[in-house]
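Novice: Given the coordinates of chain A, work out where chain B should sit on it, guided by the hints.
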Amino acid sequence: MKLTKLTALAATTALCAPMAFAEDMANEMTIVSWGGAYSKSQLKAYHEPYSEKTGVTILNDDSSAEAVAKLRAMNEAGNVTWDVVDVVAADAMRLCDEGLAMEIDADNQLAAAPDGTPASEDFGDLLVSECFIPQIVYSTTFGYRTDLVGDNAPTSVCAIFDTEAYPGKRSLEKRPINNMEWALICDGVAKDEVYEVLETSEGQDRALAKLNTIKDNVIWWSAGADTPQLLADGEVVMGSTYNGRLFSVIEEQKQPVAMLWDAQVFDLDGWIIPAGLSPERQARALDYIMFATDTQRLADQAKYISYGPARASSAPLVGQHAELGIDMAPHMPTDPENAKNTFLYNYEFWADYRDDIDAKFQAWLAK
Amino acid sequence: MTDTTASGGPVLAADGTPLKKSLARALRLQKIRALGLIAPLLIFVLVSFIIPIGSMLTRSVNNDIVADTLPLTVEALQTWDADSGELPDEAVYAAFVSDMVTAIEAKQHTRLGTRLNYEQTGMSSLFRKSGRKIKKLDPTTDGPFKETLIGINKSWGDVETWRVLKTHSVRVTNGYFLNAIDMQRTPEGAQAQPEDKQILITLFQRTLVMSMVITVSCIILGYPVAWILANLPARTANMLMILVLLPFWTSLLVRTSAWKVMLQQQGVINEVLVWIGLVADDARLVMINNQFGTIVAMTHILLPFMILPMYSVMQTIQPTYLRAAKSMGATNWTAFWRVYFPLSVPGIGAGSILVFILAIGYYITPEIVGGTKGVFISNRIAYHISSSLNWGLAAALGTILLAVVLILYWAYDKIVGIDNVKLG
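Chains as they are written, first to last, in this note's numbering: chain A, 8 to 374; chain B, 20 to 443.
The following block holds chain B by itself, in its conformation from the complex:
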């Protein structure tokens, strides 16, 4: 502003307003129009993507249920020393009965029991059964409650019950994340789960390793196909492209089940091998319900995601480069490896990212053909979402998976460079 006044008054537009102002208004209008155009998409992304992810992230640490259901108890437990080995005093029991009567009224006590049962087996029925009896108590007149409660269920006389309650009474907990990496929250801090319950770390590792194997097999199988497609005359290439796209038009379940028919011991492949005498009838190959089955089925399902970006990148590579290399004395292999391959790397990069990220979150195919050794971490997430209803743990597992993908993406950017990825 000072600049313009110093050089003798602002420059005016045709309608007399300062040019700067008029320009800013025009730009603002343009921006608003642009925003209006993308608004539907923006709102859609916000509603269907950002909010669910945000909600998942909060769920993985949110533990309001204990403090909300038993507010007085949680407060009374503050002064109790969990390591003393002694039961809390009457004040805690009285607060607990008072909380429970309110909770039973609102039918919240069994929900809390389910929540605590994830941490300590038996909590579910303890809350359900005790609830029926506590309902009949009057918090103001029926005290003292310590004896009464222990009479209702002897678990209320067990220090461990109160320790679990106190440990998990915080509103923001790291408990789910600890569970997600085979550890648990205890009064003494984070500790490893008993060995016979450790499974999630194994599954994370397996998911990553198998997703990489699937990605590599997609590259190996997809590269020659993309190369042929890119080098055929357009008419033939389009015909063949339909074959690549065909799997997209078939239901995922149908494709996976088809692999079952192919690979099982009484399946097509084994029957043929036995018929031509390569395999003895009593020694049929086990090709499904294991890692092999998962890798085969998922490679097949994800292959188009590899071929398409590779194909579109290869199409842009001029055949003249190869001819030029050969004319200067390169062998076929040198021409390919030194000239063609480096030019096709962006396609491999794009395809790999697509396939790897899709593979890491797959669960239907591993569930059907994976048996016990071929299942992924997503199968556990699905289990906790729909069967055990431990949504906190499912959210923590999902968050970790998201973090792993972001870290790998970052590493990829550092090593290969994200600019070096092309979809065509």
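Bound conformation, chain A alone:
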């Protein structure tokens, strides 16, 4: 028994030349993510293959929603217990700013595309922060009840402000981000001037004034699951949420809901590695990241959830849903048919204006 184990070990070491340093890596790691269907897609596409390949035990923690605050607290306490953390790009930027996430050298620490394109080019503009390894492109967009809008299916995002044509409640997120932009677009501001207008106090008032026209008709959500539930219950006629949530309402639960992709706001979600890990744990985290963000793995995730892979080279590999067997490409926010009119979320702007505009927004809400 002992002998077989030893031989097996020797054989593995000999066979896996690139993994020559495997003994210097931790053999247990904690990965933090959002929970629910999203974590499940990561489990299937990344964790299970990685554990199988390396024998590492992966512990899951569904704390991404409070990741920034918790990492800061861990850092202050001097005991970081997480190895890889899934966060949205804006949070990754803040973690980087706070010195809580380690910087990644994309070309050396991430896998190149199968055709040899370096990672920095394959991810391109999506590498929005030095610490951030993009994983998916998701969008915040609208879904509407097909049975409540009659023959007059909305085609423009401004339908949310049109209470004449679409009476009933709508659900919007209880924070200024995205809502202020949509309000300005529907108030006649050109898409590429939105942030210039929003920088000024008058522009912010203008956006709030536009939102004020529908204030009594809005249910404000704070959890991504709220809008799907409100749509399913018929509480709202339309509402904003993450596109993957709407996919599950439409295709998995077969509710009378359809997508309104107009002016969808693209955002990114991806990994960061906390700063200050011990060398073994850091090596393990980097090894995991190298594996989990390669071209094939990112494409695999799209089998389980309708978020677009962040690598250009992954897009052609997106196949069918693992259980429903439908083509996933038409459900991706990045699909050309869906992405006819998209809006790019400005990270820098919100990093600066978040505190200021949020105070105004909350004061306006409480009025």
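These are computed hints drawn from the structure, not numbers from a lab.
Note that the Cβ used here is the ideal one computed from N, Cα and C, for glycine as well.
A couple of the hints might just be wrong.
Said to hold, decoys possible - So the derived list for chain B, only partly shown, Cβ under 8 angstroms to chain A, looks like this:
no. : residue
1   : Asn82
2   : Gly141
3   : Ser143
4   : Glu386
Specialist: Relative to chain A, chain B alone:
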């Protein structure tokens, strides 16, 4: 000592030591043993309660980050007159570059940017972007820096940037407390926030008023239940008690979400009302995502905390008192109001304190069913802890909330008397 010697030598114990000494030793041993017994709890309370509260209190005034990150700049700014309307001189800029180079090395400059962004919008990206360029400068050879810095970002040529830096360079600041009451720290002293950003005072008031409403509804709903429980035979009372305790065994989120299903416009109550024709289909009642929803859901969740102390106090009230009152000619109402009710007041007091203090710090339920008008100050605290990361402000808000509770407790003690509170 002098007394004992005066009366002819100390009294000795059996083993020959002075009795006083021997007694003191025995008492000390007893005390140590008692202390040993409560030590686990004491340490637990100290670690999990006193230290966090202390840390919160210090955080609300601590502002070391500016002076720690930019020590030379802060010193150089001492001589600069913030009201002069003129930019600081080259010495400040040179000190700033020197500080920044060190800070960038330690990756502290963006953290400082985040801190200052709470006070002045744009600081976050100013520090991040400028950092990339300042990194390449050499503080000893590349001067003069005034022009260079203004070339890197024109905000360094804006007096306001330096005024903010100077205003917030103190190590102990009242800035967070001022922010917590809708004011701000400026070079000219404390000033009110612009009106369109004032929200926190409103939320404090709303939290207090709604918590009182919730407490009163708990009293009104809980009193009859406690009375029935206290007056039923023990077997039946125990059965019914399970119903009171049942909510405790259900997750808070489940209970709150259940209210959503009940109260929403397509929910159970509205459906029934529409079905029996009391409410028109297009005029369904709005009962959730507002103050009403918060009050209903929180009253339900906190009701057991009211019923239990009331019940245990009412159990101790002798039914013979009521009979005696009636036998002397009191009506049912007089007997209740003059005899029974005053005896049950300690239970109401205990329940009210529990419910009110729990209500004032609640945030999950208001977040889910409160909409915009039914959220509490704790929702803002949660936001500043987990989203904006403005922990100083969150700590200041928490400290104020703690102070308000202590003041109310003190007032309660003065008016009702804390001895007049019984848990059974």
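Novice: Indicate, hint by hint, whether the structure satisfies it.
Specialist: We went through each hint and held it up to the structure:
1. Asn82: violated, 16 angstroms
2. Gly141: holds, 5 angstroms
3. Ser143: holds, 5 angstroms
4. Glu386: Hint holds; glutamate 386 (chain B) Cβ to chain A Cβ min 6 angstroms, cut 8 angstroms.
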